[in-house]
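Protein sequence lines, in the order shown, are assigned to chains A and B.
Following numbering that gives the first Met the number 0, the numbering of the first sequence begins with 0 at its first residue and continues without gaps.
Following numbering that gives the first Met the number 0, the numbering of the second sequence begins with 0 at its first residue and continues without gaps.
It should be emphasised that the hints constitute simulated quantities derived from the structure, not laboratory data.
Think of the CB as a built atom: it goes at the ideal place given N, C-alpha and C, for glycine as much as any other residue.
The reader is advised that the hints may include incorrect statements.
[Said to hold, decoys possible] In silico contact screen, one side only, chain B against chain A (beta carbon under 7 Å); selected entries:
hint	residue
1	L52
2	G56
3	F59
4	L60
5	I103
6	I106
7	D109
8	T153
9	A154
10	A201
11	V212
[As the list claims (entries may be wrong)] Capping the alpha-carbon separation at 27 Å, the derived lysine-lysine pairs in BS3-like fashion look like this:
hint	chain 1	residue 1	chain 2	residue 2
12	B	K25	B	K82
13	B	K142	B	K210
14	B	K160	A	K479
15	A	K140	A	K479
16	A	K101	A	K111
17	A	K140	B	K160
18	A	K476	B	K160
19	B	K89	B	K213
20	A	K472	B	K160
21	A	K140	B	K142
[Claimed, not checked] The calculated label-pair distances, taken between Cβ atoms and stated as ranges, are:
hint	chain 1	residue 1	chain 2	residue 2	range
22	B	G56	A	E466	51 to 61 Å
23	B	K213	A	N34	45 to 55 Å
24	A	E288	B	K71	24 to 34 Å
25	B	K71	A	R468	49 to 59 Å
26	B	K139	A	R468	45 to 55 Å
27	A	N189	B	K139	47 to 57 Å
28	A	E432	B	K213	47 to 57 Å
29	A	N34	B	K25	46 to 56 Å
30	A	K462	B	G56	49 to 59 Å
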Amino acid sequence: MYKLLSRGEILSIHTAAMEVLEKVGIVIQHDKALNKLAKAGASVDKKTKVVRIPEYLLNDALQKSPRRHKLIARNQKYNIVIGNGESYFTNAFGAHYTIDLKTGERRLSTIKDLEEFTLLADYFPTVDYIKPNILPQDVPKTIWEQEMALAMFKSSEKHLSLVALTPEGWRDVIEMAKIYAGGEDEFAKNPSIIDTGFNNVPPLKYTREIIDMILECARYRIPFDISTGLLSSASGPVTLAGTIVQGIAENHAIVVLTQLMGPGTPIMWGSCATIMDQRFGTAAYGSPENGLIHAAFCQMAHYYGLPYYGAAGVIDSKVPDQQAAYENTMNALLATISGADVVHDGVYGIVEAGVTASYDMFAISNDICGAIKRVAKGIKVTPETLAVDLIATVGHEKNHLNTPDALRFTKKHLLEEQWHPLISNRTSRPEWEKRGAKTIAEVAKEKVKEILSTHKIEPLDKKMESEMRKLIKERAKKVKSS
Amino acid sequence: MTSSILEELKAAVMEGDSEKSVEFAKKALEENIPPLEAITNGLAKGVKAVGDLFSQGEVFLVELVMAGDAMKAGMSVLLPVIKESKMEMKSEGKVIIGTVEGDIHSIGKDIVGTLLEAEGFEVFNIGEDVSSETFVDKVKEYKPDVLGLSSLLTATMPAQKAVIEKLKAAGLRGNVKVIIGGAPTTQEWSDEIEADGWAGDAVTAVSLVKKLVKN
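All chains, please: the whole structure from these sequences, using the hints.
Written out as structure tokens, the structure is:
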């Protein structure tokens, strides 16, 4: 495991973050939330909407914020416990454009792309729960979140993280989740059948809409991730230490508010922060600084007893090329070996930092993240795996391919010892040539087409689907008449 | 003497040195250099040079912003004199930029504003969470060539459309070119709401404004 910060550095960062939270404060443009914080002991400036939060309020909140929590899937075998020591991976979030699988043309994303990326995420073993890979552009914005939720409910049996963009849309999605859970009571018992995520507006601000949606989560105890979205040298300090300090203060304001409103609501405490490239004014996610930010944030999250959620693995390259592969590998690996509980954006089926979805890249990143997960699993050391007896049996003259004991031993341990990539090439050169001397991008495309035409999931219950459809129709009608 | 003061003004801006910019602006007035010339052949040259270097990826954004600040510092000395003498400032054009209602993101918009200023445009950055009504009022007040609407949230994109509708209703749509930008926006969205253009980054936004002002 990689530990970037020393104990002393962790305490210095904590002290600095508390000073920002207590003295500088956070803007929360939401009067009900401000009143609640004021009543609990925070100091609120009603005019500027700045809330200054004392450390004891945070300590109370951290007591109530779960160290680990379950994310429930439609198929129970995909249930996971966030915070149990494993790194769980999600796919990428939110592409407006997609590189068309057939034509290779970059075009606007569609709802069909969302269904297909969700189905691929269902298939890829590296994806532990699923984010909306696509923000479809062929659906009216008034029923956007609802249509996206339905497309995802239909396309996977894994746990789904749904998008919350507007308070009204998010409330509809919660109603759909109640249908998905099997009714109001079932949902009340298992609100973690869905989750969602939020960013702030750096520096140090939250809008009314975001707070509205967070309060809705707190009301039902729906898990969510809260991630600072700051850009170092633009909306936060150029220094990475200062970046961490500001991000902690931003995230903690939401931990305090949420645990006051809905004690026990599971929070994945995270970071989408990175540096701004001062040459172009662009966010640089595939940078080594991004990996360092995750390593430091992860240690701070664990210091606070919270699961860490890091958007690590984002690709800046515009196409699935060499740059894309190294960017994805470097930061997803750094986050994982730092102990991130969720490596969001790990299995990254997008290029151009969140803008353009790439089917090819998704399959390539599945291999990259498979390899990273193998690294995270480490080496198992037991009397059996040390294999002294076997080494003696094989001795100097035989080998592990011509000794029955060794063959049995290899067969027994092979799958837990060796990871096998889905599309990366490891054949001999003649074999590679015989198979068409293809690049990984070509193989990726073929594999994706094959998965899309063969992978089947248990269909969403027809009655559930029609109830959800009805809800969406009613919303569309209401919007039209208003 | 004149040429060396103009050179110093240009250098002050390029170095992002506001104090030096003020110092040499005062010197220019003492030496009876026409204030317009001090701007055109001094301050503006410096900021243009830095702007060009930034477009080529040769200087950092922080240097561009500091150059802009140094230019404004020098201008603050020269402008009152220009106003007194009723001379006219020459500008590439007037641009209003703001982030639409419900959205408080500022950084992308501010970078566009800085780059436009570097290119010699007169920029009115009217801030964030700006209502459609305020945009219309400001268009009436400043009579800009171009209006730039920023939206960083999918949920606030419809506000870009609302501003355009309000401009139409007020009979002002023909007087001003409207451009949009922000992470969730696209060329297709620009077409749909009948904006005059969309840009995906600050450098492209400046080329777009130049093109629109020329036409």
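Hint check results:
no.	hint	in the structure
1	L52	10 Å, violated
2	G56	5 Å, holds
3	F59	4 Å, holds
4	L60	5 Å, holds
5	I103	5 Å, holds
6	I106	5 Å, holds
7	D109	9 Å, violated
8	T153	5 Å, holds
9	A154	5 Å, holds
10	A201	5 Å, holds
11	V212	22 Å, violated
12	K25/B / K82/B	16 Å, holds
13	K142/B / K210/B	18 Å, holds
14	K160/B / K479/A	17 Å, holds
15	K140/A / K479/A	12 Å, holds
16	K101/A / K111/A	14 Å, holds
17	K140/A / K160/B	13 Å, holds
18	K476/A / K160/B	21 Å, holds
19	K89/B / K213/B	15 Å, holds
20	K472/A / K160/B	24 Å, holds
21	K140/A / K142/B	32 Å, violated
22	G56/B / E466/A: 51 to 61 Å	54 Å, holds
23	K213/B / N34/A: 45 to 55 Å	53 Å, holds
24	E288/A / K71/B: 24 to 34 Å	31 Å, holds
25	K71/B / R468/A: 49 to 59 Å	57 Å, holds
26	K139/B / R468/A: 45 to 55 Å	47 Å, holds
27	N189/A / K139/B: 47 to 57 Å	55 Å, holds
28	E432/A / K213/B: 47 to 57 Å	56 Å, holds
29	N34/A / K25/B: 46 to 56 Å	52 Å, holds
30	K462/A / G56/B: 49 to 59 Å	57 Å, holds
Violated hints, listed in ascending order, are 1, 7, 11, 21; each of the other numbered hints is respected by the structure.
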